[in-house]
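Here's the letter readout for the chains.
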Amino acid sequence: MTTVVSCKQLNKIYQQGSIEVHALTDINLTVEAGDFVCLSGPSGSGKSTLLNMIGGLDSPSSGEIMVDGQRVDQMNKSELAELRLHKIGFVFQAYNLIPVLTARENIEMVMQMQGDSKQYRHQLSMAILKEVGLEGLENRRPSELSGGQQQRVAVARAIVDKPCLVLADEPTANLDSANAENLLQLMRDMGEEHQTTFIVSTHDPLVMSHARRLVKLHDGKIIENHEQH
Amino acid sequence: MIHTASLLIPLAWRNLWRNRRRTFVILFAISLGVWAMIFTSAFLRGMSQQILDDTIYNLTGHIQIHAKQYLDDPVIDHRFSLIDDALFDSLNHPAIKQISARVRVPAVVASEQDSTGVTLFGIDPENEGDISFLQSSIIAGRYLDTAADPGVVIGKKLAERLETGLGKRIVVMSQDKNNEIVDRGVRIVGIFDSQMDGLESSCIFMGLQTSESLLKIKNDVSEVAIILHDSAQLEMITRQLQQENPHLDIQSWKQLEPLALVITELYDDFHIVWHLIVFLAMGFGIVNTLLMAVFERTREFGLFQSLGMKPGFILAQVWIESIFLIVLGLVLGNLTGWLSVLATGDGIDVSAFAQGMEMVNLSNVIPFVIIQDDLLLANLVVIILGMLTSLYPAWHASRLVPADAITRV
Amino acid sequence: MAGNWLLAWRNIWRQPRRTVLTMLAIAFGAALLVFSIGLQLGQYDLMIQNAVRLYQGLFQVQQQGYHDDAKIRTSIPGIELLARKLRQQSGLDSIAARANGFALISSAKRTYGSLVVGVQPEYEKYVSTLPGVIKQGRYLSSDNAHELVIGESLARNMKIKPGDEITLMGSGRDGSIAASIIPVVGIYASGSRELDRQLVQMPLAAFQDIFSMQDHGHAIVIYHEDVKQQSQLHAVFKDLIADQQQLVVLSWDEIQPGVKQMIELDYSSGWLMYIVLVAVIVFSILNTFLMSVLERTREFGIMLALGYTPYNIGRLVMQEAFILTSIALIAGTLIGLGVNYYFYIYGLTFSGMDEIARMYNMPAVIRPQISPDSVLIGPGIIFLFTLLAALYPASRIRKLEPVEAMNHI
Numbered sequence: 000m001t002t003v004v005s006c007k008q009l010n011k012i013y014q015q016g017s018i019e020v021h022a023l024t025d026i027n028l029t030v031e032a033g034d035f036v037c038l039s040g041p042s043g044s045g046k047s048t049l050l051n052m053i054g055g056l057d058s059p060s061s062g063e064i065m066v067d068g069q070r071v072d073q074m075n076k077s078e079l080a081e082l083r084l085h086k087i088g089f090v091f092q093a094y095n096l097i098p099v100l101t102a103r104e105n106i107e108m109v110m111q112m113q114g115d116s117k118q119y120r121h122q123l124s125m126a127i128l129k130e131v132g133l134e135g136l137e138n139r140r141p142s143e144l145s146g147g148q149q150q151r152v153a154v155a156r157a158i159v160d161k162p163c164l165v166l167a168d169e170p171t172a173n174l175d176s177a178n179a180e181n182l183l184q185l186m187r188d189m190g191e192e193h194q195t196t197f198i199v200s201t202h203d204p205l206v207m208s209h210a211r212r213l214v215k216l217h218d219g220k221i222i223e224n225h226e227q228h
Numbered sequence: 000m001i002h003t004a005s006l007l008i009p010l011a012w013r014n015l016w017r018n019r020r021r022t023f024v025i026l027f028a029i030s031l032g033v034w035a036m037i038f039t040s041a042f043l044r045g046m047s048q049q050i051l052d053d054t055i056y057n058l059t060g061h062i063q064i065h066a067k068q069y070l071d072d073p074v075i076d077h078r079f080s081l082i083d084d085a086l087f088d089s090l091n092h093p094a095i096k097q098i099s100a101r102v103r104v105p106a107v108v109a110s111e112q113d114s115t116g117v118t119l120f121g122i123d124p125e126n127e128g129d130i131s132f133l134q135s136s137i138i139a140g141r142y143l144d145t146a147a148d149p150g151v152v153i154g155k156k157l158a159e160r161l162e163t164g165l166g167k168r169i170v171v172m173s174q175d176k177n178n179e180i181v182d183r184g185v186r187i188v189g190i191f192d193s194q195m196d197g198l199e200s201s202c203i204f205m206g207l208q209t210s211e212s213l214l215k216i217k218n219d220v221s222e223v224a225i226i227l228h229d230s231a232q233l234e235m236i237t238r239q240l241q242q243e244n245p246h247l248d249i250q251s252w253k254q255l256e257p258l259a260l261v262i263t264e265l266y267d268d269f270h271i272v273w274h275l276i277v278f279l280a281m282g283f284g285i286v287n288t289l290l291m292a293v294f295e296r297t298r299e300f301g302l303f304q305s306l307g308m309k310p311g312f313i314l315a316q317v318w319i320e321s322i323f324l325i326v327l328g329l330v331l332g333n334l335t336g337w338l339s340v341l342a343t344g345d346g347i348d349v350s351a352f353a354q355g356m357e358m359v360n361l362s363n364v365i366p367f368v369i370i371q372d373d374l375l376l377a378n379l380v381v382i383i384l385g386m387l388t389s390l391y392p393a394w395h396a397s398r399l400v401p402a403d404a405i406t407r408v
Numbered sequence: 000m001a002g003n004w005l006l007a008w009r010n011i012w013r014q015p016r017r018t019v020l021t022m023l024a025i026a027f028g029a030a031l032l033v034f035s036i037g038l039q040l041g042q043y044d045l046m047i048q049n050a051v052r053l054y055q056g057l058f059q060v061q062q063q064g065y066h067d068d069a070k071i072r073t074s075i076p077g078i079e080l081l082a083r084k085l086r087q088q089s090g091l092d093s094i095a096a097r098a099n100g101f102a103l104i105s106s107a108k109r110t111y112g113s114l115v116v117g118v119q120p121e122y123e124k125y126v127s128t129l130p131g132v133i134k135q136g137r138y139l140s141s142d143n144a145h146e147l148v149i150g151e152s153l154a155r156n157m158k159i160k161p162g163d164e165i166t167l168m169g170s171g172r173d174g175s176i177a178a179s180i181i182p183v184v185g186i187y188a189s190g191s192r193e194l195d196r197q198l199v200q201m202p203l204a205a206f207q208d209i210f211s212m213q214d215h216g217h218a219i220v221i222y223h224e225d226v227k228q229q230s231q232l233h234a235v236f237k238d239l240i241a242d243q244q245q246l247v248v249l250s251w252d253e254i255q256p257g258v259k260q261m262i263e264l265d266y267s268s269g270w271l272m273y274i275v276l277v278a279v280i281v282f283s284i285l286n287t288f289l290m291s292v293l294e295r296t297r298e299f300g301i302m303l304a305l306g307y308t309p310y311n312i313g314r315l316v317m318q319e320a321f322i323l324t325s326i327a328l329i330a331g332t333l334i335g336l337g338v339n340y341y342f343y344i345y346g347l348t349f350s351g352m353d354e355i356a357r358m359y360n361m362p363a364v365i366r367p368q369i370s371p372d373s374v375l376i377g378p379g380i381i382f383l384f385t386l387l388a389a390l391y392p393a394s395r396i397r398k399l400e401p402v403e404a405m406n407h408i
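Chains as they are written, first to last, in numbering that gives the first Met the number 0: chain G, 0 to 228; chain B, 0 to 408; chain S, 0 to 408.
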């Protein structure tokens, strides 16, 4: 098994006025390819910070992060953008989609930035829309879709171009349990089908139950890290 | 690059219309500004062309030839001969459209009632054509027939002042070439009404040969006025004539009428100053509106970044949006500017300020004139400065930190 | 109440960048208007001062009809007595009688038609700058002297200098021939092309003698340095001559309508530009006002729920606009005033100014007027228009429903 993500001695310290806030303390974490990892813990425990850092949206105060063999903490803005574009997909809690683009355009956007041909994009996006069960809704804008549908589009966009890693930050927080269950099933299916690694942050027990590996954070430290099932 | 552009352009266009009211307000500000630039330009251009036309086509011409000293001391003594081979040769130039030779000396005219000082013009009516306003402004009687016409044409104001009129006789007095006072009774065959009171009350016109015989200066003239086919050749032809006729004083209208030159140049400078002022006034609005658009989309820019869009493309996205805005404003402004110039027809009538206008050598109707250069200048100022200023909000969008942007609600 | 102002103050600083940009737009407009209105008024002051000071006076008392048709017969009898009476009764010394005529004047070589003016040397120096700008020789010595002064250009053209005699020939008031040989004692250089080229002055008594005027004259020139007192003074002199119905008191703007009209034309075109500029600025900042209301819908909903009335909130929004506009206007006005003060001390000039100045007989340096008018008009207009612009978003608050507003994102 290849390692997709590895964090070594990761620290993040925020300066809030004159007070230092230790958001993450000495995090060591390895994620293997094809894994479905759940980061759990109460709010403020550092889940989102850790996710952001793996995705290169935020930089650590010390320590190193490797994603697919590359040092994320040493990249500049433009290299980070390249990394996210080609290797990482994101799903956020809400506001995942660009409001002025239709569902299909949202999905195709990443491919368009990668330079894929129109025909290829079209093919792929229609296929993935079908897979996530949104066939026929491809020309709707986000405001015309339900919350669950929006999150499905977000998942479709995250995996459409077969990234090695998808980071999902509380993807089910705004969904009712039926929709959340659906979405999780979708993510797992997609992960298995496309051989994609998922790291999902949550405090939803439902999500945790779906995870293959469960990582618990508390006050910026990993207090538990074990495989399930 | 190209693929991204095909993503960014529709994105920018759709974003522009996300808040229609706000876009319409700023679009109105830009269009109003551009309209103001174009309309004002057309007005100023009309004024300055009018000044130039009134200067050049009211007796001055593009180039004038005098005897040395005449301009200092415009009297009969300072005259020159037209039967001069060198001069004749150099005036036979393809660039020269028209040549008008004149006698132009101070004189006194007297009616039975009153007398006053005037400038006496001896002209060849056939050659004055384009140069002078005279032929087209006769309101009673007729224009001079030939250079030997025995009658005179005088202005309406002068006729009123002398309490005389068409068909009546007046006495013209001047000095002949021997400095003797000569006088002759002549009949008024025509009255002209110029838009300029000064000309109307201070000039009388008689045939060139009639005036030459009165002043005993056969074949001599005081001045030759020249009209060129193309005013762009002004400097070159002037220089050439000067070199070929060193014994004569040859000057272009720019030297003869420095005031007209200065005023038209000032107007030209003012175009730029005015454009900059108007641009500044709307520039603040453009920046502010775009900044609002950027800040309320903070989350979205974070999302773009997390999806792998490089900061440069985010900058481009906002920049393209602002260029759409500016270009739309330009189109509307140009259109309304052009329409409102059309609506003014021949120009605006400022005869209420007639005497004030005359002080700056202007007649009573100012046409609005749109020329390519002025349009270009206005549009360039707006597009270039507009693109530069909107770099600021675009730059702001590109340097948002993704994590902050995403987590901000 | 005070709490409301404090709240308004805090609210405008919630978006410091937007507020500052909006203030900059307003301040820019205010500074520009203060500067250019100050400059315009300063220039007009100068033009009027020069028009009045040089020769024509602030008022002239003339026989009815003389101004329109300056005939030698349209004269005022006993003009010196009348001038003395006006001096005594008004308490002003700067009142002088004149008589105007036309004559041919000849030197040994040259003859020109010229305006001949009889003046009272003792009082002329109070109403005109001519006596003070003698370049060669001296000014007229006494009321009875038989001598004259002549303009610089005319002297040059006639090739005469002080001490030379000239022959003067014209027609007298009774139609007789007016002729005299008279010595030139001085040459003046007024800077006005018109005067320097065609005007000669002699003592009034000599003029009356030569032109058979008896005790008549044509105008009593009244000068006062403060043009602002024009209307009061006009009434005073009108009263003083009320007993002579055939006399009129003409003001400078009737005597020289060209100057007045030029100012009016310039003023109206200036205003057109200002209005357009203010409109561009207002639309530029309208978005700021609009957004500051629209993006706070939720907040206003909560305020409504807490018991504020829509009127209260509308007033709060207006207070915010008021504070923002006032600060910007004060800053802009101070900047404009500073610039004006600088140019007031050091003078403003630009290339080409010399030419224009000579034409209109002004100094080549403009000093902006610093007066309540020049400082307050521009910012006042902007203030008015900005508050009007703020009314629109404020009026939208009336339509808010608390629950709906609170649910607004």
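Hints were generated in silico from the structure; no laboratory data involved. Bear in mind the structure is a predicted one, so any value in this text is a computation, not a measurement. A few of these clues could be false.
To be verified - A few chain S residues that don't get close to chain B, going by computed Cβ distances all over 10 Å:
no.: 1; residue: 93
no.: 2; residue: 294
no.: 3; residue: 295
no.: 4; residue: 354
Stated by the list, open to error - If you anchor each label on the Cβ, the simulated ranges turn out as follows:
no.: 5; chain 1: G; residue 1: 98; chain 2: B; residue 2: 4; range: 17 to 25 Å
no.: 6; chain 1: B; residue 1: 162; chain 2: S; residue 2: 196; range: 22 to 30 Å
no.: 7; chain 1: G; residue 1: 98; chain 2: B; residue 2: 23; range: 43 to 51 Å
no.: 8; chain 1: S; residue 1: 63; chain 2: B; residue 2: 83; range: 54 to 62 Å
no.: 9; chain 1: S; residue 1: 337; chain 2: B; residue 2: 8; range: 44 to 52 Å
Backbone N, C-alpha and C fix where the C-beta goes; we use that ideal spot for every residue, glycine too.
Each hint tested on the structure:
1. Even its closest Cβ contact with chain B, about 26 Å, leaves residue 93(S) beyond 10 Å, as expected for a residue assigned away from the interface.
2. A cut-off of 10 Å between C-beta atoms contradicts the statement that residue 294(S) is not in contact with chain B; the least separation is 7 Å.
3. The claim that residue 295(S) is not at the interface with chain B holds, since no C-beta of that chain comes within 10 Å of its own (minimum 13 Å).
4. With a least CB separation of 4 Å from chain B, residue 354(S) falls inside the 10 Å interface cut-off, contrary to its annotation.
5. Range check, residue 98(G) to residue 4(B): Cβ separation about 21 Å, and the 17 to 25 Å hint holds.
6. Distance hint for residue 162(B) and residue 196(S): a CB-CB separation of about 25 Å, consistent with the stated range 22 to 30 Å.
7. Between residue 98(G) and residue 23(B) the C-beta distance comes to about 20 Å, which lies outside the given range of 43 to 51 Å.
8. Residue 63(S) and residue 83(B) have their C-beta atoms about 56 Å apart, which keeps the hinted 54 to 62 Å range intact.
9. With their beta carbons about 46 Å apart, residue 337(S) and residue 8(B) fall inside the hinted range of 44 to 52 Å.
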